[in-house]
Amino acid sequence: HFFTKGIILNRPSNCMIQDDEILSNDGCEWRVWFGGEVQGMTSDDEDIICVHSLSSDAADRVSQLVMKDIKYATLEDAKKLVQTGDAQPNDFWVFSGYAGWSKGQLLQEITQDSWTMVTTDSNTLLKELAKQALQVDPEDAGLDTWKNLMNMVASGSAESSPAVIFDDLMLKEWVRQRLFSSFIPLPTFTPVFTDERKNLCGLLVRASSECHSPFLLKDQSMHKGLFLVTMDTEEYTVAVSLNHPTSRVVDLPITVKDTDFTMDVPFIQRYGGQYTIYGEGEMPVLWLHCNENLRKANIGTPLCSSGEGIWECTASQVAYAIQNYLAPPTGFMAISGGCVWEKTKGGKSGGILEEMQDGKYKPVPETLTNEVFSTLIQQDLMSTTNIDKNIGISTQAWDIAGGQNIDKSDKITVPMVLGSSVTVSTLSNVALRKWIATHILNAPGLQDELSEGYCT
14 HFFTKGIILN RPSNCMIQDD EILSNDGCEW RVWFGGEVQG MTSDDEDIIC VHSLSSDAAD
74 RVSQLVMKDI KYATLEDAKK LVQTGDAQPN DFWVFSGYAG WSKGQLLQEI TQDSWTMVTT
134 DSNTLLKELA KQALQVDPED AGLDTWKNLM NMVASGSAES SPAVIFDDLM LKEWVRQRLF
194 SSFIPLPTFT PVFTDERKNL CGLLVRASSE CHSPFLLKDQ SMHKGLFLVT MDTEEYTVAV
254 SLNHPTSRVV DLPITVKDTD FTMDVPFIQR YGGQYTIYGE GEMPVLWLHC NENLRKANIG
314 TPLCSSGEGI WECTASQVAY AIQNYLAPPT GFMAISGGCV WEKTKGGKSG GILEEMQDGK
374 YKPVPETLTN EVFSTLIQQD LMSTTNIDKN IGISTQAWDI AGGQNIDKSD KITVPMVLGS
434 SVTVSTLSNV ALRKWIATHI LNAPGLQDEL SEGYCT
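Residue 469, in our numbering, is where the sequence shown stops; the numbers in between run on with no holes.
Keep in mind that the hints were calculated from the coordinates and are not lab data.
Ideal Cβ placement from N, Cα and C applies to all residues, glycine included.
It is possible that some hints are incorrect.
Stated by the list, open to error - Here are the simulated lysine-lysine pairs, BS3-like style, with alpha carbons at most 30 Å apart:
id, residue 1, residue 2
1, LYS231, LYS373
2, LYS356, LYS18
3, LYS160, LYS373
4, LYS231, LYS81
5, LYS84, LYS144
6, LYS231, LYS402
7, LYS140, LYS231
8, LYS93, LYS144
9, LYS144, LYS81
10, LYS144, LYS116
11, LYS116, LYS93
12, LYS93, LYS160
13, LYS84, LYS140
14, LYS270, LYS116
What the hints assert, rightly or not - Simulated DEER-style distance windows between Cβ atoms:
id, residue 1, residue 2, range
15, TRP128, ASP412, 40 to 50 Å
16, GLN409, THR129, 23 to 33 Å
17, GLY432, THR398, 48 to 58 Å
18, ARG308, ASP271, 22 to 32 Å
19, ASP401, GLN77, 26 to 36 Å
20, THR451, TRP114, 49 to 59 Å
21, ASP73, PHE16, 17 to 27 Å
22, VAL131, ALA456, 50 to 60 Å
23, ARG308, TYR288, 24 to 34 Å
24, SER362, ASP393, 38 to 48 Å
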């Protein structure tokens, strides 16, 4: 076998297939279960199967056997069985899409404990599927079904650790966005940026302050982020994240003025984004400052055409400034990596500007740039003991840049995670914290230990 195919059993959606052809039932609705991402509900080539336990000859002729008493047929064949009176619509569970694994992939994932392999019987599965059909609640995201089956077949209680609580909440938010699409509209963002200047280089932007973060399920590092545009061409826009100090340092050799003594001065290395932008080989460093004295001394190059705001400089210019007491080491940022937004041919659309026009990012007034920068440079080298302090400083800078804590306003309806007392905004904050713990500190265990207070 070169391919393994399976379906997810416990993801009911709120989507229905309307069937007006079955006149004897005055039309009927077929509830759709999410079977998997491959050829799923948003696919142009949707793969739909109807699982059932019918035992008639008519059903057997159009069905494939999965295991004892469990079979599947195509949607068209299921409709024909209903039309001929050989079945009822509620005899079927309709699944859209499937999960697929290449040769050996599923076995490898099982050995890595990504899956629990258990033996079961058709009677157990049929009972649980029947229960789902009668008491279906898409808002539960299939979690009760999973817990019931795990307790039955694995002879143990399903986990309920803080990490699992977080994962369950993320799943429910995924269900809201993916399986409720026909009933609950996805959040929209009001266009807020109409700047007609041709080049955005030097512009400071902040991630959306909407209480329904556009970065919860993807790009969690950008939630409440602050970004500096460093390059804007017809092909792409490049920006660096300013608010993510890492646990690494960049050592810069500096000679003490009027002496022969040279020492390595450490600078916090900041995570600018996932792409290597400024050169090849070892991740290069972008040096930044936002200091009026350094601007007057012509240390660096202005990124913005106005000559104000944040300036880019070289390592030798940083060394010169420190050597001559023009600025302390803490007045500079050392950033590795960047974020890239591609544009369409000719640069007529795309780039970060398009996402700003959608409201995902908003421009920071130039008058606030100095205060935002001076707040961010108060962050320390990231560690497991100061992660919350650093996130707090980052949030403070984001607030200064124009953000607002919508969760504290009693005049606005704050979206909640389905079936919970947790706001989507809070979940987004926790997701950002977990991203930092995992990707910057390489300490994924930290999220299990400290997340309970955030999600309860």
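Q: Against the earlier hints, flag every one the structure doesn't satisfy and list their numbers going up.
A: Numbers 2, 3, 4, 7, 10, 11, 12, 14, 16, 17, 19, 20, 22 - these are the hints that the structure violates, sorted from lowest upward.
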